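Line order of the protein sequences matches chains P and U.
The first sequence runs 1 to 276 under the working numbering.
The second sequence runs 1 to 327 under the working numbering.
Hints should not be assumed to be uniformly reliable.
Claimed, not checked - Computed footprint of chain U on chain P; a stretch qualifies when at least three of its residues, placed anywhere within it, have a C-beta under 8 Å from a C-beta of chain U:
| id | stretch |
| --- | --- |
| 1 | 179–187 |
| 2 | 215–229 |
To be verified - A short list of chain P residues far from chain U (calculated; beta carbon distances all over 10 Å):
| id | residue |
| --- | --- |
| 3 | A8 |
| 4 | E10 |
| 5 | L23 |
| 6 | C33 |
| 7 | K88 |
FYI, nobody ran anything at the bench for these hints, they're computed from the structure.
Since we're looking at a predicted model, the values are computed, not measured.
For glycine and all other residues, C-beta sits at the position ideal for the given N, C-alpha and C.
Single-letter residue listing:
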Amino acid sequence: MAGCSQTALEPTVYSMLALGPDLEKNYQRAVQCLLDCQNPNGSWPSFIGDDPEGAWTTALALIALANHRGEARSRCRGFRWLLQSAGKESSWLWRWKFRTADRHVRFDSDKFGWPWQPDTNSWVVPTAFAILALRRPPRSSALEQSEFRLRRGTEMLLDRVCPGGGWNAGNGIVYGRALVPHPDDTAVALLALKDHPHEPAVKTSLAWLADNTSTMSAPWSLAWSALALAAHSRCVRRLLSSLADHVRPIDIRDNATLAVLALALDCERSLTLLTS
Amino acid sequence: MGITRRELLVGGAAVAAGVSVSAPFFQPRYRINRRPRRSRVALLRLEDYSRPIDEMLFLGLCLFPINVQGKTVLLKPNLVDYIPGHAINTHHRLVVAAAEAFRRLGARKVLVGEGAGHQRDTQLLLSESGYEQELALDSIPFVDLNRDELLHRPLGASYTGLNHLWLPRTILGSDFIVSMPKVKTHHWSGVTLSMKNMFGVVPGQKYGWPKNILHWRGIHESILDVCATVPIHFVIADGVMAMEGDGPLNGSPRPLGTVVLADDPVAADATCARLMGLEPDRIPHIQEAARFLGNSLPALIDQGGEVLRRPEVPFQVVPEFQHIRAL
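Only chain U is shown next, with the shape it has when bound in the complex (with noise of 0.2 Å):
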């Protein structure tokens, strides 16, 4: 039986129907691609934060082919909040050890940089915290990012529908961003590693204390989206006193005496799940972060330092995140 003309027509326009309404789901959602072919990632050992930290930290930067001869540096902490005996925020004799160390590898400038999420008095944070005596005592400066200048910016990828943010102009005229987060789970995100970290760059005086929008849009969204928009050039992550449990804020210590750096985040933000216990692969931010961001899979990750063992206990997260922990 032969098809008349009309039909012809008429299945040639569903056909295209389809395609227009479908072809946006198998597009990829991100416009740039920062995966490198293999990354490298070191696991220092720290149990405590009174042993001395600098010349190991420099040490462990040496394992990498790190240029910042001349460039502006910019650390970026997980500075969020302070509540005595919580280990919330990431600990600020790293963050001055870092600095130290780029200034030893050459950097022209080397800063300090957060947007705090929940706490808008950014001196009483910074001085209940410990940073402020620290940072004044090695004239390394601080920059609030939640009232510095803005650039409006278009995002590098649409996993949450906005089309820009405006950021920091301290940000922007960064040459090296390093992410500096606390080892924590989260009760919204799972864990709350390099990525999430970089939420601490949306600013406070445009989207508020906290970023709710963020939040709205889709926390692993909007991860994904500042993310490709800002990039992070090196990870030091803060895993000797990690947190467990029911973090960002209120989870408990537990102890895991190490500090993670890597040259891509999302195989520093793998291996510090892997250190906690957790399936990367199950982390939507990571997992999705593994196509265009960096590398999640152990075989394309080279590691250095000391041996990743897993824990034996995964660490305790809240129920909905049960499915995260390698049981």
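This is chain P alone, in the form it adopts within the complex (with noise of 0.2 Å):
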């Protein structure tokens, strides 16, 4: 939050790659904030000061220093954590459980990704981001290690869309309910999917997103949705200019939402940092 004298990872990221290296002095300091930050165990925090274990921000902060390329060890240390995060479902145990015993939320469970932190299920941003950070490991024999991931990790993308398109934060279907799908969550989604064009869920959930930007006012949803349709080539240029005209960034109380908002007012250089 503005005001906030605490320092979160993931409007501190989202601020790196908006500021850009150009703003040498202040992006210097948040690329050093992140090193110091660093766990031992290779993960970073989701706040300065919070527990060691790790957290979802890994990913974020891998893409961060992606576009930095000093910082190799930094990076095969968290791309290391970030492999070995999965899901709790993705052990046997609890993959007989909800074949078995949990059938009220239906997913398939050797389709897994990524949690918000350790010992938890996975879930559709965390899933997205580790996407986007595993595509450009810090050594490319990296890649190979990660290709299990990904292709899992788009897997269950896949699997939990809702049935209309777009994603919700788990899962589509809950009590045999289809869940509504949410814009930013449908965004984060799509860009990690943004190289699986023509998968059907793809294909819907952008016709879904594209439809509901219409009647959308929130800046935060708006922008991650001007985002991700950009990322997969759709007409972005209304929707960013009615950001432009109608959202007062002085209005936005939180820094995260008004660095996304800068993200996608730049978003051709934007999307070059987060996807390519």
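From the two separate chains plus the hints, produce the assembled complex.
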């Protein structure tokens, strides 16, 4: 939050990406902040002072540092942690439980991704960011190690899509009822699935997102939607001019939203940093 | 036949080992005791949200010896997600009326705080659910608890095995916390009332969207640990349009026409459960909370306002919770 004295990783990473290395002093301070707060196990915390077991923000830190070539050792440690981090449903015991005893949440537990924090299930947003992070390994040899996880993570996202397209936080169906998609979760998933434009789930989700942005006014969701639609080569000119005209940065109280808004308004450069 | 020294030693060791293994099961798992000798609950009739709420709620609060003079009051509504036509969230008119009432009672500052469980875009949720405009009109500040500054707090109980939680500074800095749940059934916990509502103070920034660790550690256990750590000073439950069936998101609206006020969260939840035609002592977190967080027995609850009437047909629940229905 603006006015909050605690450094959180999510707004820090988006701000780094939005500012870019041109604003050298601030950018270098942010890089140093990330390097200083890396946990001994290679992961990153969700805020400075957090418990040391690691969090979903490890993927965000790796995305930010991927554009900063000098930090290979730190990135390798983070990359290794991310490769071993998995949703709890990936273990055989829980796979068996979800197949036999617990059928309320309909999903294929063979298809797993990443959790928000250790010892919990896979969810859409951390999985999408982990996919984006693993696509840019610190060494080319690491790409081979990540292929299995990238494949499983992609399958997980495609498996959890809501019946009419788009993504909720996790599953698309609970207790036999279709969940309603969230624009921001959908957009982040679509960024991760940029290389799968022919998947039916991607096509329906893009259509759902494009339809829903016309009535939306919240800057966070609009900004993520613009980035996702642009990543899939949809025209976002009208959406961006609506963002520029109607959203007053002064009214935005949290830095993460402000930074994502800046990323969207410069979406061509931002997509290079996020998805290339 | 005598006992040898060797047998005595072995027997003594076995007894000591048995005691050390079994003792934790007999020890209370809570470190605080907030259970009052008696609790107060008031039921207010409100047929729908278009009726005048402000004066009714203010007079309702005056039935309680509340002292918020000069204090910071935090209203914690249940604001989860927005689906048109679904009675998911505490109605914004009730929240605004509560803010007005606490201001009239002398509160120094009244703010609204929530950390939505599923929706990461808080502003979208506020605007779609009608909160944004209503809060702005009355100059009531809103704090996104998912992204607030966090402080480390040891837990007041040990049902989950988590030793501590990171909690928002706004919550820990408030003098008077008012849980404002929507009266709903819940497919994992049976009901979601004033105590389950406190999952919203657990920050998404640290624990994710949803706060999945609380599910893995046990929902009832997590409710008890969170409520033992963050005190609920007062409850204003929105039972005007409640939800039954597959709550907390996909259930059906069920008119109950009641606002429940209470100075004790356990008494509030037990009363709400009875209004829903459910048995509170069959709901694990209410039953256990009655040992240290409040009173669930009608004999220990002084009830004012309307008479509590159980519905002829209890609220629908998912099959796993049929046993909590009072049939």
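Problem set entry | Reported absence of K88/P from the contact zone with chain U (all CB gaps over 10 Å) | violated, 7 Å
For this session: Please confirm whether E10/P is truly not at the interface, meaning its C-beta sits more than 10 Å away from all C-beta atoms of chain U.
Result: violated, 7 Å
Exercise. With d taken as the least Cβ-Cβ distance between L23/P and chain U, does d exceed 10 Å?
Worked result: holds, 24 Å
For this session: Would you check whether the claim that C33/P is not at the interface survives, using Cβ distances to chain U and the 10 Å cut-off?
Result: Correct as stated: the minimum Cβ-Cβ distance to chain U is 16 Å, above 10 Å.
Problem set entry | Coverage assertion for the stretch 215–229 of chain P with respect to chain U, Cβ distance below 8 Å, three residues required | holds (count 6)
Problem set entry | Least C-beta distance from A8/P to chain U larger than 10 Å | Its Cβ does come within 10 Å of chain U, the nearest being 6 Å, so this is violated.
For this session: Apply the coverage criterion to the stretch 179–187 of chain P and chain U: a residue qualifies when its Cβ sits closer than 8 Å to a Cβ of the chain, and three qualifying residues are needed.
Result: holds (count 6)
The structure is inconsistent with the numbered hints 3, 4 and 7, although it conforms to all the rest.
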